[in-house]
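Assemble chain B onto chain A, guided by the hints.
Protein chains: 2
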Amino acid sequence: MANTAHEKGLQLLSTVKAEGTLELSLVSVPTPEPKADEVVVRVEATPLNPSDLGLLLGGADASAMRAAGEGVVTASVPPEMMRAMASRVGQELPVGNEGAGTVVAAGANAQAWLGKTVSVIGGAMYAQFRCVHVGQCQELPAGTTAEDGASWFVNPLTALGMVETMRSEGHTALVHTAAASNLGQMLQKVCLKDDVSLVNIVRKPEQAASLRELGAKYVCDSSAPTFMEELIEALDKTSATIAFDAIGGGKLGSQILTAMEVAASRKAGAYSRYGSTTFKQLYIYGGLDRSPTVLQRSFGFSWSIGGWLLTPFLQKAGGETRDRLRARVASELKTTFASHYARRISLREALDPKVIAAYGKQSTGEKYLITPQAS
Amino acid sequence: MANTAHEKGLQLLSTVKAEGTLELSLVSVPTPEPKADEVVVRVEATPLNPSDLGLLLGGADASAMRAAGEGVVTASVPPEMMRAMASRVGQELPVGNEGAGTVVAAGANAQAWLGKTVSVIGGAMYAQFRCVHVGQCQELPAGTTAEDGASWFVNPLTALGMVETMRSEGHTALVHTAAASNLGQMLQKVCLKDDVSLVNIVRKPEQAASLRELGAKYVCDSSAPTFMEELIEALDKTSATIAFDAIGGGKLGSQILTAMEVAASRKAGAYSRYGSTTFKQLYIYGGLDRSPTVLQRSFGFSWSIGGWLLTPFLQKAGGETRDRLRARVASELKTTFASHYARRISLREALDPKVIAAYGKQSTGEKYLITPQAS
Numbered sequence: 001m002a003n004t005a006h007e008k009g010l011q012l013l014s015t016v017k018a019e020g021t022l023e024l025s026l027v028s029v030p031t032p033e034p035k036a037d038e039v040v041v042r043v044e045a046t047p048l049n050p051s052d053l054g055l056l057l058g059g060a061d062a063s064a065m066r067a068a069g070e071g072v073v074t075a076s077v078p079p080e081m082m083r084a085m086a087s088r089v090g091q092e093l094p095v096g097n098e099g100a101g102t103v104v105a106a107g108a109n110a111q112a113w114l115g116k117t118v119s120v121i122g123g124a125m126y127a128q129f130r131c132v133h134v135g136q137c138q139e140l141p142a143g144t145t146a147e148d149g150a151s152w153f154v155n156p157l158t159a160l161g162m163v164e165t166m167r168s169e170g171h172t173a174l175v176h177t178a179a180a181s182n183l184g185q186m187l188q189k190v191c192l193k194d195d196v197s198l199v200n201i202v203r204k205p206e207q208a209a210s211l212r213e214l215g216a217k218y219v220c221d222s223s224a225p226t227f228m229e230e231l232i233e234a235l236d237k238t239s240a241t242i243a244f245d246a247i248g249g250g251k252l253g254s255q256i257l258t259a260m261e262v263a264a265s266r267k268a269g270a271y272s273r274y275g276s277t278t279f280k281q282l283y284i285y286g287g288l289d290r291s292p293t294v295l296q297r298s299f300g301f302s303w304s305i306g307g308w309l310l311t312p313f314l315q316k317a318g319g320e321t322r323d324r325l326r327a328r329v330a331s332e333l334k335t336t337f338a339s340h341y342a343r344r345i346s347l348r349e350a351l352d353p354k355v356i357a358a359y360g361k362q363s364t365g366e367k368y369l370i371t372p373q374a375s
Numbered sequence: 001m002a003n004t005a006h007e008k009g010l011q012l013l014s015t016v017k018a019e020g021t022l023e024l025s026l027v028s029v030p031t032p033e034p035k036a037d038e039v040v041v042r043v044e045a046t047p048l049n050p051s052d053l054g055l056l057l058g059g060a061d062a063s064a065m066r067a068a069g070e071g072v073v074t075a076s077v078p079p080e081m082m083r084a085m086a087s088r089v090g091q092e093l094p095v096g097n098e099g100a101g102t103v104v105a106a107g108a109n110a111q112a113w114l115g116k117t118v119s120v121i122g123g124a125m126y127a128q129f130r131c132v133h134v135g136q137c138q139e140l141p142a143g144t145t146a147e148d149g150a151s152w153f154v155n156p157l158t159a160l161g162m163v164e165t166m167r168s169e170g171h172t173a174l175v176h177t178a179a180a181s182n183l184g185q186m187l188q189k190v191c192l193k194d195d196v197s198l199v200n201i202v203r204k205p206e207q208a209a210s211l212r213e214l215g216a217k218y219v220c221d222s223s224a225p226t227f228m229e230e231l232i233e234a235l236d237k238t239s240a241t242i243a244f245d246a247i248g249g250g251k252l253g254s255q256i257l258t259a260m261e262v263a264a265s266r267k268a269g270a271y272s273r274y275g276s277t278t279f280k281q282l283y284i285y286g287g288l289d290r291s292p293t294v295l296q297r298s299f300g301f302s303w304s305i306g307g308w309l310l311t312p313f314l315q316k317a318g319g320e321t322r323d324r325l326r327a328r329v330a331s332e333l334k335t336t337f338a339s340h341y342a343r344r345i346s347l348r349e350a351l352d353p354k355v356i357a358a359y360g361k362q363s364t365g366e367k368y369l370i371t372p373q374a375s
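Same order as they appear, the protein sequences are chains A and B.
Here the first sequence is numbered in our numbering, starting from 1 and rising by one per residue.
Here the second sequence is numbered in our numbering, starting from 1 and rising by one per residue.
Looking at chain A on its own, in the form it has when it is part of the complex:
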């Protein structure tokens, strides 16, 4: 091995306890010896994605955390959330889907990776060192830093996965909600580059402006009184019949399907008592609004709503598609897939109740980056 400075390192753990509390702790753990096809990565940058926050906070209120000793914070988990947490109670879970850093040790078959800057996928990245199989690593091009490569997987592959899903399921244009997010901006850039029509739905007027600056052609603000008319118009022009919804709760999904149906009926002509024959697909991939999804069912019978997640998509897509998408991300990390962070925090700061309250808000455009080597 190249050196031994990585023998131990800090690791963030999240535990839901049977008595109904969440405990976040920072512990010093030994770094495993890499096996033949493994490498040890010194993690230098790892983002706080919404999907990480779900696991990290375990249903607890991010604004109600309190210190409980050196490197430990706790909060209570509401009783109604404890049911969903049943199968993780008592387990000390590592957190952090993705990140990037430098290879500081390598197994017999992985010596060529030593010293390289790599992006990593595979969980437990909120740590100073992470031992992973080389298949979980993506070498970064010269001039691309660990910070450039930290958010290489979840958002970029989700954006590409949406466009792939659109194509493979026979649609030609798509709709995206919470569209001003980091992910939404990436998706808009992908669509501009690939010449795919995208209908962006945002929740505030200022978010519409930021997307238009990127070159977005269709931006509908759901807070506007003219929202439905504008959405129908955009769907009429683009013929988008698939939508990816990060909100989940409320009536937005139902409104999108209804607007698709109105746009389709304009083109159809004759009356059909069961609605248009145009197939309309809504995928819910997030739950920014945790209230129930309310469907008015004023969109005929030719529709489907389902959950959409990146991992099952990638499994279904197969190795060739996965490799193609990963290579595209690596080559466009500083352009199409560039991420912006509101703040960089150390692992210790990630356990500061005030900081948790801030990143727990999940405000659009307020993404945090953990830099585990900072003290």
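Derived by calculation from the structure, the hints in this document are not laboratory data.
Hints may be right or wrong, so weigh each one.
One copy or two, it doesn't matter: identical chains are merged, so the pair holds either way.
Derived DSBU-like pairs: lysine-lysine, alpha-carbon spacing no greater than 30 Å straight-line [to be verified]: (1) K267 / K316; (2) K193 / K17; (3) K267 / K217; (4) K237 / K35; (5) K237 / K354.
The structure presented is a predicted model; accordingly, all values stated were derived computationally and were not measured.
Chain B alone, transformed into the frame defined by chain A:
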């Protein structure tokens, strides 16, 4: 042609007028000359299915019809329903999906059909005579009457279509709501014959009893306080992961998906923050409850909800499957696919405001049959 007694006949028409009224009328229309591959069927029995009522009533309240001259009744259509009726305004639409009767005239290539008792699919059956292509006819076995064969298509093929869909989409058992209906009873009989596990959901205790008499093993009453526990137990035992829902509105669909998820999680073991990997499918094929569908989304991300209709299913299934299913129905019309009618009415009685109010209730077990040759 065999005779000329069918030169003219009564026909029921449904019209939504621009001023917001529905008009039902009985008119005398000339019977077309059958082309080479066509036959004229003297319609002797044709059922009032829920799917017929939607077209017939055009959004009007069935209990608010009033006579408006000889063979004409009207009712107002609520303004909120008029939007959905836009594309049928002003059109005099014939009604009646299916029925049965005797072939009284036949084209050059269809002479072999003369005198036969046939079941027919294809709309406009609320009439004394109907000219159709022979491909829309199914010859009935000796001893099977027109009344036996009247409901040969919609319910029997829907029941068979559900089991076919279950199999083709990789599920091994199914759930059905409003399960005490004519359709529900047929589905239970099909499942018993084909050795498929069926979880029946009913809305009243007495409906559970009628299904158990048929041999149903799993019957859950959604009005019982123990409903969710019983449903989870039945899903655990059967591993049913697909449901067909005739209700549409309210929380029942969400409850079914949640119960499927709980049953799947029992078998899964380790915690997954995104729920079980078991794919759960809910198909909405009716709208007995017109209120919004409310989804609690407490069932992970591996699920889909969609509309399901018989016609697209049959189109997708292909000719071989269609022929196989139709032949099975014809041979089991007096057993598996026997229908029961609460009352037989003439075409004139079908336009009686009191009678409309009665069949418009769509009470489970209260199906009406029109006998167009009765005066």
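How do K267 and K316 come out at 30 Å by Cα distance, when the copy is not named: within, between, both, or neither?
So K267 and K316 pass the 30 Å test across copies only (23 Å; inside, 34 Å).
Given identical chains, is K237 near K354, meaning Cα to Cα at most 30 Å, within a copy, between copies, both, or neither?
neither (46 Å within a copy, 48 Å between copies)
When no copy is named, should K267 and K217 be tagged within, between, both, or neither for a Cα gap of at most 30 Å?
Classified as within; 22 Å inside a copy, 48 Å across copies.
Could you figure out if K193 and K17 sit no more than 30 Å apart (CA to CA) within one copy, between two copies, both or neither?
Neither: 47 Å inside a copy, 49 Å across copies.
Tell me, please, which holds for K237 and K35 at an alpha-carbon limit of 30 Å: within, between, both or neither?
neither (55 Å within a copy, 43 Å between copies)
Comparing the model with each earlier hint shows violations of hints 2, 4 and 5; every other hint is respected.
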